[in-house]
Amino acid sequence: MIHFEQVYKDYGRSGPALRGLDLEIRKGEFCFLIGHSGAGKSTLLRLIHMADFPTSGTVRVTGHDTKRLSSREIAHLRRKIGFVFQDFKLLPNRTAAENVAFALEVTGTSRNATKSRVSKLLAQVGLASKAEAYPSELSGGEQQRVAIARALAHSPLVLLADEPTGNLDERAARGILELFRAINAAGTAIVMATHHLDLTRSFPEGRVLELDQGTLVYDSAGGPR
Amino acid sequence: MRHALREALAAFRRSPLLIVFSAAMIGLSLFTVGLFGIGAHNIRQVLDQIESRVEIIAYLRDDIRDDAAELMLAEIRAFPEVEQATYVSRAQALERARREDPVIFADLEVNPLPASIEVRLQPGNRSPEIVERVATRISGYPFVEDLNYGKEWVERIYLLRRIAGATALVVGGAFAAVAILIIGTAIRMAIFARREEIGIMRLVGATDAFISAPFLLEGLLTGLLGAGFALSATFTAYRVLTRAVFPLIWLPHSWVLIGIAAGGLLGLVASAISVRQHLRQL
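As given, the protein sequences belong to chains A and B, one line each in that order. Position one of the first sequence corresponds to residue 14 (my numbering), numbered consecutively onward. Position one of the second sequence corresponds to residue 10 (my numbering), numbered consecutively onward.
Just so you know, these hints were derived from the structure itself, not from any lab. Backbone N, C-alpha and C fix where the C-beta goes; we use that ideal spot for every residue, glycine too. The reader is advised that the hints may include incorrect statements.
To be verified - Simulated restraints on C-beta separations:
#1 B/24 to A/129: 31 to 37 Å
#2 A/145 to B/15: 17 to 23 Å
#3 A/145 to B/24: 24 to 30 Å
As the list claims (entries may be wrong) - Facing chain B, according to a computed beta carbon distance under 7 Å, are these residues of chain A, among others:
#4 84
#5 85
#6 88
#7 91
#8 92
#9 96
#10 119
#11 120
#12 198
Please build the complete structure, drawing on both the sequences and the hints.
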């Protein structure tokens, strides 16, 4: 579903962020992306999300070479790629329900369809009772659940998560991981960049990819590289 | 589209002062152009009147025969540039002169005045070059003794008109540029205020067209609002000047419509430039 072929990414400061990365992520897979800060984890996620494009090499998402897509095609393809962040990126002046609805509204979903979809999504992440709460009234874990509900709005093929538990305590982090497992069980692939190595151990079925200075140094699916 | 309208109106509610300020600046710019337009329009009306009096007068030799004069008249009338050509006989010339100055021309024994043909050109054919060309053709007739067509006068009128046109372009252009800068800044601030939302819109797969639409609409509405300000200010100025100084002619409807459209277009273009520049950077 996602292919990296000899991908180099150079931001022009302090050496390339990715150096000749080859990687395939299959449908429905659960991948942990580990490595030090600056190892290239976020760059990898940004390249999948088409927020950036490779300096050389090819990134294919559902068969499309990301470099060859128009901005319109990228927008449409992004609806099939959910993204959650360490800092949640919720709009503070909108309720939980409105934050989720926003993802549907701005892609032209009708108001009625949005309403019922939002209730389902909030229920899915266990926040049905907090629909009218503003982000400031929610705990970190709850805010991340809202962000996940938003990322799931268009039933994505893959959910990208950049340190989603970075701002959360142990218990909330485990809750988020459980939620990811449930989402993955329903068929959505997950690519989760994390520092929490113990999380990867608590989910041994997950594939672990380790990056170091822009190269893939370990892949649990293919052994050490 | 409904989203765009809702968001654009929300922007008006969120920062009404900024919107009113940018609309006022567009209004001020268009108001200046409007005042200039009234000036130009009135000058033009006066010029048209003066210009319609531009004539070529061919004085004829005394020994011209009537049939020769008539033939010449018929031929001149057939020139494509000519609107009207009139034969004034010696007797008619004297009669006219007596009406204008009864004292001098009262008791003349001999008529000193020549017969003439007065030629008026069509409205579109009064440029100095055409006047000169027609005059040269008429001077080619054997019975023409002298020719009077106020060459310098014609050229001066045209120069005045050209200066008026050029000034309108320069002043209008300068103000349009200022208006574009101001609206562009307002839109940039609006984009900056909503950068978080825009980032999330991108994140969840909203198209650029969808993201830009509210800002473009905001620019368009601001421009139209500014045009509204300008129109009422210009009309007020026109009324005051007409009452207090001298009667003026109000702008033709087409100019007013063009002015309103220009306001909208200015707003739209300014926001389009700003959106193009700044959405990329977010």
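Results of checking the hints against the structure:
1. B/24 to A/129: 31 to 37 Å: holds, 34 Å
2. A/145 to B/15: 17 to 23 Å: holds, 21 Å
3. A/145 to B/24: 24 to 30 Å: holds, 27 Å
4. 84: Holds. Min distance 5 Å.
5. 85: OK, holds: residue 85 of chain A within 7 Å of chain B, min 5 Å.
6. 88: The hint holds - residue 88 of chain A has a Cβ within 7 Å of chain B, the shortest such distance being about 4 Å.
7. 91: holds, 4 Å
8. 92: Holds: closest Cβ of chain B sits about 4 Å from residue 92 of chain A, inside 7 Å.
9. 96: OK, holds: residue 96 of chain A within 7 Å of chain B, min 6 Å.
10. 119: Check passed: Cβ of residue 119 of chain A comes within 4 Å of chain B, closer than 7 Å.
11. 120: With a minimum Cβ separation of about 6 Å from chain B (threshold 7 Å), the hint on residue 120 of chain A holds.
12. 198: violated, 23 Å
This entry does not satisfy hint 12, going by the numbered hints stated previously; all others are met.
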